[in-house]
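Given the coordinates of chain A, work out where chain B should sit on it, guided by the hints.
Protein sequence lines, in the order shown, are assigned to chains A and B.
Each residue of the first sequence is one higher than the one before, counting from 16 in my numbering.
Each residue of the second sequence is one higher than the one before, counting from 4 in my numbering.
If you're looking for bench data, these hints aren't it; they were derived computationally from the structure.
These numbers come from a predicted model, not from an experiment.
By construction, the Cβ of each residue, glycine as well, lies at the ideal position given by its N, Cα and C atoms.
One should not assume that every hint holds.
Cross-link-like lysine-lysine pairs, in silico, DSS-like; alpha carbons within 27 Å at most [unchecked claim]:
#  : chain 1 : residue 1 : chain 2 : residue 2
1  : A       : 59        : A       : 517
2  : A       : 302       : B       : 166
3  : A       : 302       : B       : 117
4  : A       : 517       : A       : 730
5  : A       : 122       : B       : 106
6  : B       : 152       : B       : 106
7  : B       : 59        : A       : 94
8  : A       : 386       : A       : 79
9  : A       : 711       : A       : 622
10 : A       : 191       : B       : 59
What follows is a list of derived Cβ distance ranges for each label pair [what the hints assert, rightly or not]:
#  : chain 1 : residue 1 : chain 2 : residue 2 : range
11 : B       : 173       : A       : 195       : 42 to 48 Å
12 : A       : 49        : B       : 103       : 23 to 29 Å
13 : A       : 188       : B       : 95        : 54 to 60 Å
14 : B       : 175       : A       : 120       : 35 to 41 Å
15 : B       : 44        : A       : 313       : 31 to 37 Å
16 : B       : 17        : A       : 195       : 28 to 34 Å
Pulled from the structure, derived: some chain B residues nowhere near chain A, Cβ distances all over 10 Å [to be verified]:
#  : residue
17 : 47
18 : 83
19 : 96
20 : 138
21 : 196
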Amino acid sequence: MHEAPKNLSEYRKEIDKALDDNFLRRTLDTFAVAYRANREAIFKEVDEKALIKQIADAKDDACKHMDELYEQFRAEAEKRGVHVYRAADAKEANEIIARIAKENDVKKIVKSKSMTAEEIQLNPYLEKEGFIVDETDLGEWIIQLRHEGPSHMVMPAIHLSRYQVADDFTKVTGVKQDTDVQRLVKVARVQLRRKFLAADMGVSGCNFAVAECGAVSTVTNEGNARMVTTVPRVHVAIAGLDKLVPTIDVALTALQVLPRNATAQRLTSYVTFIAGATECGSASDGKKSMHVVFLDNGRSEIAKDPLFSQIFRCVRCGACANVCPVFRLVGGHKMGYIYIGAIGLILTYFFHGKDIAKTLCQNCVGCESCKNICAGGIDLPRLIREIRARLVDEKGDSVGMLVSSVLKNRKMFHNLLKFAKFAQKPVTGGAPFIRHLPEFLLGKHGFKALPAIANESFRDRWPRIAPRIDKPKFKVAIFGGCAQDFIYPEQLEACVKILAAKGVAVDYPMEQSCCGLPLEMLGQRKASLQVAEQNINAFDAGAYDAIITLCASCASHLKHVYPQLTENMGDLHAKAQAFADKVMDFSSFVHDVLGLKPEDFNNSGEKVTYHASCHLCRGLHVKEAPRELIADAATYVPCAEEEVCCGFGGSYSAKFPEISGQLLENKLKNVAETGATRLVVDCPGCVMQLRGGAEKKKMNLKVSHMAELLAEQLKK
Amino acid sequence: MAPEHQQVLDTFSANAQATTAVVTEAPNMAAALQYVVDVCENRPAAELLADEDVEKGPNGPNGVPTRVQRIIAAPDLDDADFEQLSGICAEKGFSCIRQGMRKHLAGIEVGVTKAVLGIAASGTCMVDSDNEDARLAGMVSEVHILLLKKSEVYPDLPSVAQKVRERMNARPATYTTFITGPSRTADIERVAAVGVHGPLELHIILLED
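Looking at chain A on its own, in the form it has when it is part of the complex:
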């Protein structure tokens, strides 16, 4: 039912198959676009950021008091006639639930949706024990009929078409079923009503376990949880210990975000709180036999971890999958194990083990879309990187080690890059793309032309081009980053030209090296910290008004990750923070600080569109400045899905070229539809991906860095 990829090559074959599933692709495309718009509209009515902060704080606090909340819940629930259990692991939880069923002479069980029940694989266990188990959530029932696992936490059957569902319903009813969705829903209405009536026991999940009154709650749209918890004489609710909250207020706060984030609803049709064993007409004593099983399965240990405990802010809304560009391409069966999406990659590591997680957790492009919308404000991309680092520590990675040993030695790395420029000569034929490298060497990279190493790096040009400014208005240093230093030095030159023209003194500290993000993505924590230290020491942060970088990924890494990496490291942390405080992206500097205006440019009138790099629009929340700058220098034409990832993701495009290539394809299609002749971006990584793609497709499209466009149009 649930399969985990054993290794990268096998995983990539599976991904290839998913990419060929046209129905899935179309469905998830439509969904991604509709979800984004609907979510935005429904959040306008509330203070999104404030609510997310409230949820994060409340759930962090609950996590710190997990054991006390459990005891409080148990006391309150027992007072109200409920039996409460605490299971150490999946096996024990399954055994407890089967025992409850046996002791109550149960034969038939109906279930409403529970990810925790999926986590412990409850259904197969109960079936093995001889019970008949029926899912009653429509989507869950459909996938149960097909012996599949859910492909989304909220919409478990989103990968299936009405035709597939009609076939399944035809089989189960023995009557040929229409493919009309409304009719199919009613088939389920009839079939499942009979199952509710025949059941002896209902199993539900639990969204919030409210300690102050021993209440369990369910959040549904169909109303099946109310049937499951009402009609049969026995009710078992299963909840992770992380579902414990102190008060009703916390649950009500979270309920303002959960449905909005999950399905863009103000509230789901039914939210139920059950506090105590209520009256029950089918029980011999007129009272429900009610049981709440709490699952630990590693939770109480994770709760003590200062970083990872934040995973318990998750309210299982599924939004991290909804906005994930990878999920959109391959669907939940390939973007998770039992838990799906970004949180799924993390939970899989903790709940189902590193062997199952090790390949899956490589499949994050690092675009930060999920972090931006998470109901609990979980820093999902960071946690995924942390898990990669843990996996490297535990299991090792020979390729990553090699990259590490090169990158952490700046001189060796830079010499290698310079050497590469000679080595590549025969294949580039002097052109700025590696055009003639045989396809088999490119492997699956065939979707884009790869750039060549520049003849002369920026650092070698610097002594010649460094401007001398008398009485500078500002003093800045440039952080070049590998891509611009060695592949696109002209982008940095364009930046220097603008800064010099506007009276800004510029430095280029020579000891700077790779920012370290590629190492983080490979889980090479030690080397990543070493290069961070090298860079922090290379810049005398106090001497500059700003440290400018033209690479959005470097900027976001330097600004946000350096202070995290050096946490608890005393002086180094203080230096990292001082350094980070000065880091600024190019567009923000020239727009917000220099205050460049339309008058500073000869507007070319050229139709120019924009790609918002992930690490700029989400990593640094820079949105207006680049668009206004384009409009200052040319005619800005907006592009559909401007803020969706181009698929580069550094080493991601080497690990998952099929996905990277497809993201690029989608991006270029949207760009082509704008009719623009130029595409501007604020990141050399995106330039590499997009220029390579446009070249490969022979598009009439110039791909430029923002600095290049502005330098060209700057008034003399």
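Below, chain B without anything else, positioned relative to chain A:
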């Protein structure tokens, strides 16, 4: 009524209607009960989704028999209101019941129950369904009608936290539901559909106090 409260009511109605709930106003209980009976009269007979030992009419749209004797369930109405409803039902030949819902889980035409309070920000009604018959009436009826006092509509979820707490502690064992529109799903191809397990329609009658 204070203009601010009228605004809360307007928001409530708009948000409830956005979930396809039908919102109506009644000047008094008699008018509300008449509305309930009219709803029952103006719709097709309920389908029997499961077997029930009862007289059966022709098959409904889903290929199962329909009820001949129509049923309105009103388990949590006050005695006087129930008497009055029973009277109107008798004139129409409808059965009006207060208990025994478990005998009719195959489906009934109309369930009418009281809402404790309303929440404007989402068009939600909170219902006390400790009484199992009241709970079932809101689940297995094709049309669920909620009676909500205008004075009991509040702006948003946080503003009712204390009332929810009191409600949940009112008895040793409580079952409280927030209802926002009819039973719905989008589990097949994300196509919206109502009436998966519960009511096909939700009506809310706003009552003057």
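Hint says 42 to 48 Å; check whether the CB-CB distance for residue 173 of chain B and residue 195 of chain A agrees. Taking Cβ atoms as reference, residue 173 of chain B and residue 195 of chain A lie about 45 Å apart, which means the hint holds.
What's the verdict on residue 386 of chain A and residue 79 of chain A, does the C-alpha distance respect the 27 Å limit or exceed it? Holds, because 22 Å separates the two Cα atoms, which is no more than 27 Å.
Please test the hint of 54 to 60 Å on the beta carbon pair from residue 188 of chain A and residue 95 of chain B. Distance hint for residue 188 of chain A, residue 95 of chain B is violated at roughly 35 Å.
Taken at face value, is the distance from the CA of residue 106 of chain B to the CA of residue 152 of chain B at most 27 Å? Roughly 31 Å between the alpha carbons, so the hint for residue 152 of chain B and residue 106 of chain B is violated.
Compute the least Cβ-Cβ separation between residue 83 of chain B and chain A, then decide whether it is above 10 Å. holds (24 Å)
Pairwise hint evaluation, residue 59 of chain B against residue 191 of chain A, where the allowed Cα distance is 27 Å at most: holds (24 Å)
Does residue 517 of chain A sit within 27 Å of residue 59 of chain A, going by the straight-line distance between their CA atoms? violated (40 Å)
Mind checking the alpha carbons of residue 302 of chain A and residue 166 of chain B for me, to see if they're no more than 27 Å apart? Status holds; Cα separation ~26 Å.
Exclusion check [residue 47 of chain B not at the chain A interface, CB over 10 Å]: Residue 47 of chain B is indeed farther than 10 Å from all Cβ atoms of chain A, at 14 Å.
27 Å limit on alpha-carbon distance, applied to hinted pair residue 302 of chain A and residue 117 of chain B: holds (23 Å)
Would you say residue 96 of chain B is clear of chain A, with no C-beta pair closer than or equal to 10 Å? Holds, because the least Cβ-Cβ distance between residue 96 of chain B and chain A comes to about 26 Å, which exceeds 10 Å.
For the pair residue 175 of chain B and residue 120 of chain A, does the Cβ-Cβ distance stay inside 35 to 41 Å? Distance hint for residue 175 of chain B, residue 120 of chain A is violated at roughly 26 Å.
Hint check: violations occur at hints 1, 6, 7, 12, 13, 14, 15, 20 and 21; the rest are consistent with the structure.
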